[in-house]
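For the record, the sequence lines run as chains Y and V. The first sequence begins at 1 in my numbering and counts up by one. The second sequence begins at 1 in my numbering and counts up by one.
These aren't lab readings, by the way, just hints derived from the structure by calculation. C-beta atoms are modelled at their ideal positions from N, C-alpha and C, and glycine is treated no differently. Please note: incorrect hints may appear among the correct ones.
Label pairs and their computed distance ranges (CB to CB) [what the hints assert, rightly or not]: (1) Y:27 x V:80: 45 to 53 Å; (2) V:41 x Y:15: 36 to 44 Å; (3) V:39 x Y:22: 36 to 44 Å.
In silico DSBU-like links for lysine-lysine, alpha-carbon gap of 35 Å or less [to be verified]: (4) V:41 x Y:5; (5) Y:42 x V:20; (6) V:41 x Y:68; (7) Y:71 x V:14; (8) Y:5 x V:64; (9) Y:5 x V:20; (10) Y:42 x V:41; (11) V:20 x V:66.
Beyond 12 Å from chain Y on every Cβ pair, some chain V residues (computed) [what the hints assert, rightly or not]: (12) 15; (13) 20; (14) 32; (15) 54; (16) 57; (17) 59; (18) 73; (19) 82; (20) 83; (21) 107; (22) 110; (23) 111.
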Amino acid sequence: QQQVKQSPQSLIVQKGGISIINCAYENTAFDYFPWYQQFPGKGPALLIAIRPDVSEKKEGRFTISFNKSAKQFSLHIMDSQPGDSATYFCAATANNLFFGTGTRLTVIP
Amino acid sequence: GAVVSQHPSWVICKSGTSVKIECRSLDFQATTMFWYRQFPKQSLMLMATSNEGSKATYEQGVEKDKFLINHASLTLSTLTVTSAHPEDSSFYICSARARTGSSPLHFGNGTRLTVT
Numbered sequence: 001q002q003q004v005k006q007s008p009q010s011l012i013v014q015k016g017g018i019s020i021i022n023c024a025y026e027n028t029a030f031d032y033f034p035w036y037q038q039f040p041g042k043g044p045a046l047l048i049a050i051r052p053d054v055s056e057k058k059e060g061r062f063t064i065s066f067n068k069s070a071k072q073f074s075l076h077i078m079d080s081q082p083g084d085s086a087t088y089f090c091a092a093t094a095n096n097l098f099f100g101t102g103t104r105l106t107v108i109p
Numbered sequence: 001g002a003v004v005s006q007h008p009s010w011v012i013c014k015s016g017t018s019v020k021i022e023c024r025s026l027d028f029q030a031t032t033m034f035w036y037r038q039f040p041k042q043s044l045m046l047m048a049t050s051n052e053g054s055k056a057t058y059e060q061g062v063e064k065d066k067f068l069i070n071h072a073s074l075t076l077s078t079l080t081v082t083s084a085h086p087e088d089s090s091f092y093i094c095s096a097r098a099r100t101g102s103s104p105l106h107f108g109n110g111t112r113l114t115v116t
C-alpha cells in the first residue's frame with residue numbers, strides 16, 4: 001500500500017515558471033515531511049523539509065505548503081531552471097521513511 | 001552537512017556469486033541505517049532497517065537470507081546480496097539517521113548492481 005501519494009508523475013515547465021508537485025498521506029502518525037531531489041545515477045538529496053505544526057516553509061526558490069487537516073503537502077519551485085530538472089520525491093516519516101512515487105521534472109529553456 | 005558514503009558505486013557480477021555493499025556515515029554516528037532498492041523510473045522501496053548491534057528488520061517480501069545486513073558499528077552497515085541472480089540487478093541505496101525519531105535521512109549515492 002502506497003503510504004504517500006504523489007502527483008503528477010511527470011511535469012514539464014518553461015524556464016522561469018513555477019513547478020508544483022503535490023503529495024497526500026493518510027497516516028496521522030507522520031510528523032516529518034521531507035522532499036528529496038534525485039539526479040540520474042545518484043542517491044536522493046534532501047531539499048527541504050517541514051513539520052506539521054508549520055503551514056509553510058520557504059528556502060530560496062523552494063517552498064513547502066502544508067495542509068494538516070487535508071493531509072496534503074506540496075512543493076513549489078519558483079523561477080524554475082533547467083538545472084532543476086530531476087526527479088523529486090516527497091516523503092513522510094515517523095520512524096521509517098516512506099517515499100512518494102516521484103515526479104520527473106523537466107525544465108525547458 | 002552529514003555525509004553518507006556508499007561503496008562500490010557500481011558492480012557487475014556473475015549469477016550465483018555474492019556481492020557486498022558498504023554504507024558509511026563519515027561525519028556522524030548513525031544509530032539507524034536503511035537500505036532501499038530502486039528500479040528504473042520508480043520510487044525507492046525500503047528493504048530493511050538496521051540498528052547498530054541488533055538484527056535488521058526486513059520489510060515484507062524481502063528475503064532476509066538473500067539480503068544479509070550487518071550493522072557492526074555506528075558508522076558502518078553492509079548489505080550482502082547472496083547468490084545473486086539477474087533479477088537482483090537494481091540500484092541499491094543506503095541511508096542513515098543520526099538520532100532516533102524523526103530527523104533527516106542522509107543518503108548515499110547508491111550502488112548499481114548488474115548480475116549477468
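Tested hints:
The hint said 45 to 53 Å for the Cβ distance between residue 27 of chain Y and residue 80 of chain V, and at roughly 32 Å that hint is violated. Between residue 41 of chain V and residue 15 of chain Y the beta carbons are some 24 Å apart, a value that contradicts the proposed interval 36 to 44 Å. At about 23 Å, the beta-carbon gap between residue 39 of chain V and residue 22 of chain Y misses the expected band of 36 to 44 Å. With a C-alpha separation of about 16 Å, the suggested pair residue 41 of chain V and residue 5 of chain Y falls inside the 35 Å cut-off, and the hint holds.
Taking the CA atoms of residue 42 of chain Y and residue 20 of chain V, the gap is near 19 Å; set against the 35 Å cutoff, the hint holds. Using a Cα cut-off of 35 Å, the hinted pair residue 41 of chain V and residue 68 of chain Y holds, with the two alpha carbons roughly 29 Å apart. Distance hint between residue 71 of chain Y and residue 14 of chain V is unfulfilled; the C-alpha atoms sit about 46 Å from each other, more than 35 Å. Between residue 5 of chain Y and residue 64 of chain V the CA atoms are separated by roughly 28 Å; this keeps the pair inside 35 Å, and the hint holds.
Simply put, residue 5 of chain Y and residue 20 of chain V have alpha-carbon atoms about 33 Å apart, close enough for the 35 Å limit, and the pair holds. Of the supplied pair hints, the one linking residue 42 of chain Y and residue 41 of chain V holds, its CA atoms being roughly 13 Å apart against a limit of 35 Å. At roughly 12 Å between alpha-carbon atoms, residue 20 of chain V and residue 66 of chain V fall within 35 Å of each other, so this suggested pair holds. The Cβ of residue 15 of chain V sits about 23 Å from the closest Cβ of chain Y, beyond the 12 Å cut-off, so the non-interface label holds.
Here residue 20 of chain V stays apart from chain Y, with its beta-carbon at least about 18 Å from theirs, past the 12 Å limit. Not every CB of chain Y is more than 12 Å from the CB of residue 32 of chain V (nearest about 8 Å), against its label as outside the interface. The claim that residue 54 of chain V lies off the interface holds: its Cβ sits roughly 14 Å from the closest Cβ of chain Y, which is beyond the 12 Å cut-off. Not every beta carbon of chain Y lies more than 12 Å from that of residue 57 of chain V, the smallest distance being close to 9 Å; the non-interface claim is violated.
Against the 12 Å criterion, residue 59 of chain V falls within the reach of chain Y, whose nearest CB is about 9 Å from its own CB. Every CB of chain Y is more than 12 Å from the CB of residue 73 of chain V (nearest about 21 Å), matching its label as outside the interface. For residue 82 of chain V, the non-interface assignment is confirmed: its Cβ lies about 23 Å from the closest Cβ of chain Y, beyond the 12 Å cut-off. The beta carbon of residue 83 of chain V is kept farther than 12 Å from every beta carbon of chain Y, the shortest such distance being approximately 26 Å.
Its closest Cβ contact with chain Y, about 4 Å, brings residue 107 of chain V to no more than 12 Å, contrary to its assignment away from the interface. A cut-off of 12 Å between C-beta atoms contradicts the statement that residue 110 of chain V is not in contact with chain Y; the least separation is 5 Å. The beta carbon of residue 111 of chain V sits about 10 Å from the closest Cβ of chain Y, which is not more than 12 Å, so the claim that it is off the interface is violated.
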